[in-house]
Amino acid sequence: MAYKAKIRVTLRPSILDVQGKAAQHALANLGYSSVESVRIGKYMEATINESSADDAGRVCTEICQKLLSNPVMEDFTFELEPVN
Amino acid sequence: MADVTVGIVVFPGSNCDHDTEYAVASFPGVRPVMLWHNDHDLQGSDAIILPGGFSFGDYLRCGSIARFSPIMREVIEFARKGRPVLGICNGFQVLVESGLLEGALIRNTGKKFICREATIKVANNGTLFTDGYRNDEVLRMPVAHGEGNYIASPETIESLEEHGQVVFRYTDAEGRATEDANFNGSLGNIAGIVNRNGNVLGLMPHPERASEKLLGSEDGRRLFESMFRHVTGT
Chain A
823 MAYKAKIRVT LRPSILDVQG KAAQHALANL GYSSVESVRI GKYMEATINE
873 SSADDAGRVC TEICQKLLSN PVMEDFTFEL EPVN
Chain B
7 MADVTVGIVV FPGSNCDHDT EYAVASFPGV RPVMLWHNDH DLQGSDAIIL
57 PGGFSFGDYL RCGSIARFSP IMREVIEFAR KGRPVLGICN GFQVLVESGL
107 LEGALIRNTG KKFICREATI KVANNGTLFT DGYRNDEVLR MPVAHGEGNY
157 IASPETIESL EEHGQVVFRY TDAEGRATED ANFNGSLGNI AGIVNRNGNV
207 LGLMPHPERA SEKLLGSEDG RRLFESMFRH VTGT
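Sequence lines, in order, name chains A and B. With our numbering as the guide, the letters of the first sequence map in order to residues 823 to 906. With our numbering as the guide, the letters of the second sequence map in order to residues 7 to 240.
These aren't lab readings, by the way, just hints derived from the structure by calculation. These figures come from a predicted structure and were not determined experimentally. Note that beta-carbon positions come from the ideal geometry of N, C-alpha and C, so glycine has one too. Zero decoy hints are in this set.
Chain B is faced by these chain A residues, among others (derived, beta-carbon under 8 Å):
id, residue
1, Ile837
2, Leu838
3, Val840
4, Gln841
5, Ala844
6, Leu889
7, Asn892
8, Val894
9, Met895
Please model the complete structure; the sequences and the hints are all you need to start from.
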C-alpha cells in the first residue's frame with residue numbers, strides 16, 4: 823500500500839525568518855498594509871510504501887526527525903493519504 | 007614537524023577543498039589526502055578537515071545531506087574517539103547537522119551573502135586548535151557565507167559559555183564584541199565553537215584563506231599549526 827505524505831516544515835516561532843520578513847516588506851510596498859507578517863516554510867510530498875497507515879506514519883515521523891527537518895530550528899507536521 | 011596525514015573530505019559542491027589542501031601542504035611534514043564523500047576509508051588520517059563550499063548545493067538545509075554521506079560514519083566515529091576534526095564554513099554547518107556540535111546555522115540576519123574580511127577574537131586559547139593564540143587576540147580572516155547566523159537554545163548557549171566552548175567571536179578591530187561587528191546576527195557574536203571534549207571545532211571564518219602573507223593575513227596558520235602539533239604530541 824502506498825501513502826502520500828504531505829509534509830510541512832516551518833521555522834520555530836522563536837527563529838527570525840529573514841525571507842518571510844523580506845516578503846512581508848514587499849507586500850507592504852504593494853499596499854497590503856494589513857499583512858502583518860509572513861513566515862516561509864517548506865512543503866514536501868513523499869510517497870511511502872508501507873502496509874498500514876500506522877507504519878507509513880512511523881516512517882514519515884522518522885524521516886522528518888532525521889533529515890527533512892532540523893529540530894534545533896524547525897517544527898514539522900504531516901498528513902497521510904492512501905494512494906491507489 | 008613529524009609526519010602528519012590530514013584527511014580533507016570532498017563532498018559534491020565543496021569548493022574550498024583545494025585551498026585547504028594548499029594551506030595544509032605548506033607545513034613541513036604534513037601530507038593532505040583528499041577523502042571522497044562516498045568512501046569509507048580515512049586513509050590513516052591523523053586529523054580530519056571538512057572544508058567550505060556548498061555541499062549538495064545547500065539543498066534542504068546547508069550541510070544536511072552531506073551529514074549522511076558514507077564517509078561521515080567514519081568521521082563521526084573518529085571524532086567520538088577524541089581525535090581532531092575541524093569544520094570550516096560549510097564544514098561547520100555539516101558538523102552541527104551531524105550533531106557533533108550543538109546549535110544550528112541559519113540565514114544571516116541581513117539576508118545577504120557576506121563575503122569580506124572579518125575580525126574575530128580568540129575567546130578560549132585552551133583548546134588543541136587555539137593554543138597557538140593568546141586569549142583576546144584579534145585575528146583577521148575572510149568570511150563568505152549566507153547562512154552563518156549561529157543559534158541555539160538559551161540553555162545550550164549558557165552551557166557553551168560555561169564550559170569555554172565558544173572559542174571565536176566576531177569583534178571590531180579592537181576586540182570589542184559589538185553589534186556592528188556581528189555582521190551575520192549570531193547569538194553572542196559566536197564565530198566558532200568546540201564540542202565539550204574540545205576535539206571538534208567548527209568556525210565560519212576561513213583560516214585556510216588567511217594562511218600566507220600574499221593573501222593579506224597569516225592569522226589562520228597557527229590554528230592549523232596547533233592542530234598538527236597536538237597530533238604529533240610536540
